[in-house]
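Sequence lines, in order, name chains A and B. The opening position of the first sequence corresponds to residue 1031 in the numbering used here, with each subsequent residue numbered one higher. The opening position of the second sequence corresponds to residue 28 in the numbering used here, with each subsequent residue numbered one higher.
Treat the hints with care, since some could be wrong.
As the list claims (entries may be wrong) - Residues from chain A that face chain B, not an exhaustive set, calculated with beta carbons under 7 Å: (1) Ala-1130; (2) Ile-1131; (3) Val-1134; (4) Arg-1138; (5) Gln-1146; (6) Phe-1150; (7) Ala-1151; (8) Ile-1164; (9) Lys-1168; (10) Thr-1172.
Derived by calculation from the structure, the hints in this document are not laboratory data. Every residue, glycine too, gets a C-beta built ideally from N, C-alpha and C.
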Amino acid sequence: MATGMVPNPSPNVPPTKLPNKATDDVIMDCDIKELYYGTFKAVRDTKIPIKKNAITAFIGPSGCGKSTVLRCLNRMNDLVRGFRFNGHVRYRGKDIYDPAIDPVAVRRYIGMVFQQPNPFATSIFNNVAFGLRINNFKGNKTEKVVQALKRAALWDEVKDKLHNSGLSLSGGQQQRLCIARAVATDPEVLLMDEPCSALDPIATRRIEELMLELKERYTIAIVTHNLQQAQRVADKTGFLYVDTSQGGRTGYLVEFGDSKEMFENPKEKHTREYIRGEFS
Amino acid sequence: MSDDNKAPIFSAAQEAEARLHQAEDAAAKDPFAGIDFGELELSIYRPRTMFSIILSFGVTVVTLLALIPLFAVLWMLIWRGGQKLSVVLFTQLPPAPLEQGGGFGNAIIGTLIMVGIAAVITVPLGILTGVYLAQAHSDSKLAGAVRFSAKVLTGFPSILAGVFAYGAIVLATGGYSAIAGGSALSILMLPTIILTAESAIAMVPARMKEASIGMGATGAQTVWMVLLPTAMPGIFTGVMLAIARAAGETAPLLFTALFSNYWLSSGGHFNLMQPTASLAVLIYNFSGMPFKNQVELAWAAALVLVVLVLITNLIGQSFSKGQVTQ
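Based on the sequences and whatever the hints tell you, model everything.
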C-alpha cells in the first residue's frame, strides 16, 4: 500500500490481521453461493480468494458471470434492480455485505476500471482530482494528480494539456486516465472489467505493462476475454463456465489456481477445452 | 481474331462455331456486353425519374409557401417597427394619448424583471424536479404523475395561468404586481424546464454515472459533480427556450401585472408590488388605440420583443451543442 496520504474516509474497515497465517496474504475472500438478478440465477458456487499485490484474472465464455462476480467485489451490483446475493465477500476479514457496512465506503477502498473508457466530460486534471474532491481531500491536489498520472503512465503524454477535456484523448489514453482517476485516492484493490476490450493491440499492451507495474502497490482483479492476456499478466486465474443443466444460464467456478499451472496443465475437462479454443 | 475471319476456307459448321467462340471471347473481354446502356442514362422521361423530380419540386414549393407567413411577419415588423426605432424608445416612458414621442423603457425593464422573477422561481424547482425524474426515482408513481402533469402543462392555455395567478396572488395580496406577473409566467415555464432537464440528465452516458459510483461517490455527489455539470448545456437550452416563450406572453400578464406608465422605482424605492409594464401588454394596449404615435410605438415594441426572444433562442441553441451524448 502506498503512503496513505488521503485521510481515511471511514474508519469502518480497520486493517485487521487474519488469524490464519497461511491465508494471511489473501486480501479479499469471495464466496458466492447463489447470486440472483430477480428470479434469474446468474452465478453459483464461486469461491475466489484474491491475493494481495497479485493479479487475479477471471476468464470464461460469454455470459458465464465473470463480470457479475467482479462487480460483487465492490458492491457495484447494488445498482442492478433485483440483485440478491447469498454468500459473503470478505475484505480484510470483514464481510462487505454486512448491513452495517456502507457500500460507498467500500468502493473507496476497492476501485474499479470499466470496459468502456469512461472519463467525465471535464478536464484531465479534474477527472483525476474527482476522487480527491469527493473525499474532501485537503492537501496538495496537484501533487496527488501528478503522482496518479505518473503511476498510470500517462503523465508524459498529457503534462502540457491538463486542462483539455478528458474526452479529447484517444481510447487507450482515456483508459489510462480512468486508471489514474482510480489510483489517485490510493485504493487497496483495483477491479478491472475487460479494461482492454475496447482498445487496439498497442494500447492493450501498454495497459498490460501498466498492470504489472501497478501490482507492486495495488491488488488487481481483472476480467478478460483474452486468454493470452490472462496468461501474460495474471498470477492466479479462475475459469468460470455456464451451467445450462437447470434450464437457465448459471455461471460457476470450474477451476482456480496459479495461471501457469492452469494454462499448461488444466485439471478440468471444460477448462482444457476452453483453453484449447474448442469453444468460446 | 481478325486473322480467323480472313481465313479462306470455312465450312458452315466451322463458321458457326467460330462465331460462338468470338461471342464468348467478347463477353470475357467486355463484361458489359449485352447491357443496354440507354437504360443507364439519366432521362427525365422515365416515370420514376419524373416522379422524383416532381416530388422534389413540390416539397420545395410547399417549404417556400410555409416561409411566406414567417418572413411576412418579420418583414412587417422590420418595416413598420424599424422606422420608429431610436435610443429614445429605450429611455422614455410611454406617452399619454395625443402626446408625441415617448418610448417604452419601463416595459422593457418590466418584461426583464418579470421573466427574471419567473426564472428565479422555476430554474431551481425545475432542475431539481428533473433530477428526481431522471435519477432518483425514475419509475415511481410520483415520477409518473409529475411527468404526466408536466406534459399536460406544456400545452396549458396561457390565459388560465393568468386567471390562476389572479385568484391566487392578485386577490390575496390586494393588487396587480410584478410578483404576480412573474408567478403567472413561472407556471408556463416550469413544465418546459422540468422536461428538458429530465431528458438532458437522462442523456448523460450511463458509464459516467457508473464511474462516479465506482469511485465511491454518494448519490448526491454523483448528481452534483457529474450528472448536472455534464447535462448543464442541455438544461441551459431548456431554460432559454422557456424564457423565450414566457417573454412573449400577454394573457397571463393582463390579469396579474396589468400595465403601468411609470418606472418600477420611484424616488429610489424599487417596488415589485405595483402594476408593472411589459412589452407584450404594451403592444396589446397600444396597437388598438386610435392614435398614430401609439400604434407606431406598438410596432417598434414588437420588433424589440422579437429581437429579444430571438437572441435568447440563439444563446440557448449555441449551448445545446456542448451536450455530451454517446
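Results of checking the hints against the structure:
1. Ala-1130: Result: violated, 17 Å to nearest chain B Cβ.
2. Ile-1131: Not OK, violated: Ile-1131 of chain A not within 7 Å of chain B, min 13 Å.
3. Val-1134: Holds - the Cβ of Val-1134 of chain A comes within 7 Å of chain B, reaching about 5 Å at its closest.
4. Arg-1138: Holds. Min distance 3 Å.
5. Gln-1146: At 5 Å from the nearest chain B Cβ, Gln-1146 of chain A passes the 7 Å test, so the hint holds.
6. Phe-1150: OK, holds: Phe-1150 of chain A within 7 Å of chain B, min 6 Å.
7. Ala-1151: holds (4 Å)
8. Ile-1164: Because about 5 Å separates Ile-1164 of chain A from the closest Cβ in chain B, which is inside the 7 Å limit, the hint holds.
9. Lys-1168: Hint on Lys-1168 of chain A: violated, closest Cβ of chain B at ~17 Å, above 7 Å.
10. Thr-1172: Thr-1172 of chain A check fails; min Cβ-Cβ to chain B is 19 Å, beyond 7 Å.
Against the hints set out earlier in the document, violations occur for numbers 1, 2, 9, 10.
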